[in-house]
Amino acid sequence: MTGSATAVEPRGGPLVVARVWLRDRPLVPLLLLLAGLVALLEVVQPGIVSVNWVASTMRFAIPLAILAACQTMTMLTGGIDLSVAVVASMSAYVMATTQSDIGWLAASLVALVPAGVVGLVNGIGVGLFRVHPLIMTISMSLVVSGAVNVYARSNITGGTRVPSEITDLGGQSLLGFLPNSLIVFIPLAALILVALRRSGYGRLLYAVGDNEVASRLAGVRVGRVLVVLYLISGLLAGFAGLIYAGVIGSATGRLVDPFLLPSVAAAVIGGTSIFGGRGGYAGSIVGALILTVLVTFLNVMQAPEAVRQILFGAIILAVAATYTRITEGS
Amino acid sequence: MTAIPQPETHATSTPPRTAPIVAMNDIRVSFGGVHAVDGVSIDLHEGEVVGLVGGNGAGKSTLMKVLSGAQVPDSGEIRINGQRVTIHNPRDARAHGIETIYQTLALADNLDAPSNVFLGRELVGGLGTLDDAAMESATRELMERLNPRFKNFKAAVASLSGGQRQSVAIARAIQFNAQILIMDEPTAALGPAETAQVRELIRQLKADGLGIFLISHDIHDVFDLSDRISVMHQGEIVGTVERAGVTTDQVLAMIILGKKPDEVTSEELAALH
Numbered sequence: 004m005t006g007s008a009t010a011v012e013p014r015g016g017p018l019v020v021a022r023v024w025l026r027d028r029p030l031v032p033l034l035l036l037l038a039g040l041v042a043l044l045e046v047v048q049p050g051i052v053s054v055n056w057v058a059s060t061m062r063f064a065i066p067l068a069i070l071a072a073c074q075t076m077t078m079l080t081g082g083i084d085l086s087v088a089v090v091a092s093m094s095a096y097v098m099a100t101t102q103s104d105i106g107w108l109a110a111s112l113v114a115l116v117p118a119g120v121v122g123l124v125n126g127i128g129v130g131l132f133r134v135h136p137l138i139m140t141i142s143m144s145l146v147v148s149g150a151v152n153v154y155a156r157s158n159i160t161g162g163t164r165v166p167s168e169i170t171d172l173g174g175q176s177l178l179g180f181l182p183n184s185l186i187v188f189i190p191l192a193a194l195i196l197v198a199l200r201r202s203g204y205g206r207l208l209y210a211v212g213d214n215e216v217a218s219r220l221a222g223v224r225v226g227r228v229l230v231v232l233y234l235i236s237g238l239l240a241g242f243a244g245l246i247y248a249g250v251i252g253s254a255t256g257r258l259v260d261p262f263l264l265p266s267v268a269a270a271v272i273g274g275t276s277i278f279g280g281r282g283g284y285a286g287s288i289v290g291a292l293i294l295t296v297l298v299t300f301l302n303v304m305q306a307p308e309a310v311r312q313i314l315f316g317a318i319i320l321a322v323a324a325t326y327t328r329i330t331e332g333s
Numbered sequence: 061m062t063a064i065p066q067p068e069t070h071a072t073s074t075p076p077r078t079a080p081i082v083a084m085n086d087i088r089v090s091f092g093g094v095h096a097v098d099g100v101s102i103d104l105h106e107g108e109v110v111g112l113v114g115g116n117g118a119g120k121s122t123l124m125k126v127l128s129g130a131q132v133p134d135s136g137e138i139r140i141n142g143q144r145v146t147i148h149n150p151r152d153a154r155a156h157g158i159e160t161i162y163q164t165l166a167l168a169d170n171l172d173a174p175s176n177v178f179l180g181r182e183l184v185g186g187l188g189t190l191d192d193a194a195m196e197s198a199t200r201e202l203m204e205r206l207n208p209r210f211k212n213f214k215a216a217v218a219s220l221s222g223g224q225r226q227s228v229a230i231a232r233a234i235q236f237n238a239q240i241l242i243m244d245e246p247t248a249a250l251g252p253a254e255t256a257q258v259r260e261l262i263r264q265l266k267a268d269g270l271g272i273f274l275i276s277h278d279i280h281d282v283f284d285l286s287d288r289i290s291v292m293h294q295g296e297i298v299g300t301v302e303r304a305g306v307t308t309d310q311v312l313a314m315i316i317l318g319k320k321p322d323e324v325t326s327e328e329l330a331a332l333h
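Protein chains in written order, with our numbering: chain H, 4 to 333; chain X, 61 to 333.
Don't take each hint at face value.
Derived SDA-like pairs: lysine to any residue, alpha-carbon spacing no greater than 25 Å straight-line [what the hints assert, rightly or not]: (1) X:K214 with H:R219; (2) X:K214 with H:L220; (3) X:K211 with H:D27; (4) X:K319 with X:D278; (5) X:K214 with H:S157; (6) X:K214 with H:R26; (7) X:K214 with H:S202.
These are calculated hints, taken from the structure and not from any lab test. Since the model is a prediction, treat every value here as computed from it, not as a measurement.
Chain H with its partners taken away, still in its complex shape (with noise of 0.2 Å):
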């Protein structure tokens, strides 16, 4: 009776064998999608991939991977946060205006205070009042776009500009192939991986994802485990906003509004379930520089813009389907 229902063995054909094995590897079929990607498009625009194009590329999935960090964790929580995109844009845009008067560091911090703010109270409607993440994180991103907007008009004389630290940062590389942003990506990105796989916090994060109930009931404080992740999301989306405005060399109210569909879409291609309680950041990266490759890949077949969307929109429906059928477990 024991010992019966243990792990599954494989058994069976070569194509059983290989489920498995990928099923125990998830990176590895992201990984060959990404090459496969790559060399697509090689073939597509002969010369094209060079190490600038690398470079560029990972400029530009940098704070798209920043942005899918927030979506993985509170969806491994089963939440989801859409305000992302608006709290980036914030960020960006009240940096872009207060740094002339401030200088660009104040600016950036000062920059990420609202972000925060926005994030605590999802975290505190989420997480306290219960409300869903859904309808919580869109709810807020209204009151942002709106908040932004009556910024703006009160702002008509300041006018933006993105710091020379701040485009050094997000738009310049290193030797000509090492994005600068990396220098903040790789220790923040480090830090997510190791928080989620080796604390405690990360630990019940996959916990509350998987049976919220069990862990209230194992004396989990819940409500307080969902309003610190909120607020980092917040934070965390608010520094994408600060990376991408120096990608871009400026900064709108709606600058980072686009990469709310792809910050949900890296983490969910990366294999995070949306219902929460499995998955983690290392595919949340890779997906990241999918989609950012496929938005090239699509960009130099020189498709009307609605070829554009409606291929992209396909795509990712049909990467997510496939890669979860692959890693599903038994």
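Fit chain X to the known structure of chain H by using the hints.
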């Protein structure tokens, strides 16, 4: 192992009458106008299993939720080892050595056994990182005692059998030296072999000196394991009887009619058959 009641010696059926480790006095819980628990008093001694039976809605689960901190009573007193305590949430209960095994097997399915055993109180090493090795070895040690055949320490508990999952739930409960265990339908989700395994576990915990409240619909479970049986009916205790002094029919009559054995007329008893 079957459900046939086994001959028991007198010594095991009557625990030593020391001071109770749990005494709940005049507990009342109402939901709106419904008195779910209406002035119930119940106690539990070291090394004793008290079976708590009653029909659906009799109030047994609500009563136990009061003890486990999942339900705050409207009034009443709880004493643990003679000390008056207040229990507002599961953490308070845990602080008093009270652990609950829930009917629904409250486990995080995608986590492995050690992670579930230490859920919410993970062991951390230097730098605040999780000490998975320590959690695993502590879990192995526990399982050695609880269920020596348990080997799947790395697999997500979703892939374990019902009996193994119950072992994990029980291991979590006793990991932090629980004195008092509340088991809500511990065998409801299990097959016959696994039920036997869990019964064996309960006997072992009892032998280790834990006091156990056993909520069960299965009258055989209750008769097989309990020292005393408390019957609830419509929010009140009908009576608490020594297991050795009653028959299953008498207890069934208490559950259904809500009367003590000596109050039941022979016609009423006959009508049950």
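Hint-by-hint comparison with the structure:
{"no.": "1", "hint": "X:K214 with H:R219", "result": "holds, 23 Å"}
{"no.": "2", "hint": "X:K214 with H:L220", "result": "holds, 23 Å"}
{"no.": "3", "hint": "X:K211 with H:D27", "result": "holds, 20 Å"}
{"no.": "4", "hint": "X:K319 with X:D278", "result": "holds, 20 Å"}
{"no.": "5", "hint": "X:K214 with H:S157", "result": "violated, 58 Å"}
{"no.": "6", "hint": "X:K214 with H:R26", "result": "holds, 16 Å"}
{"no.": "7", "hint": "X:K214 with H:S202", "result": "holds, 18 Å"}
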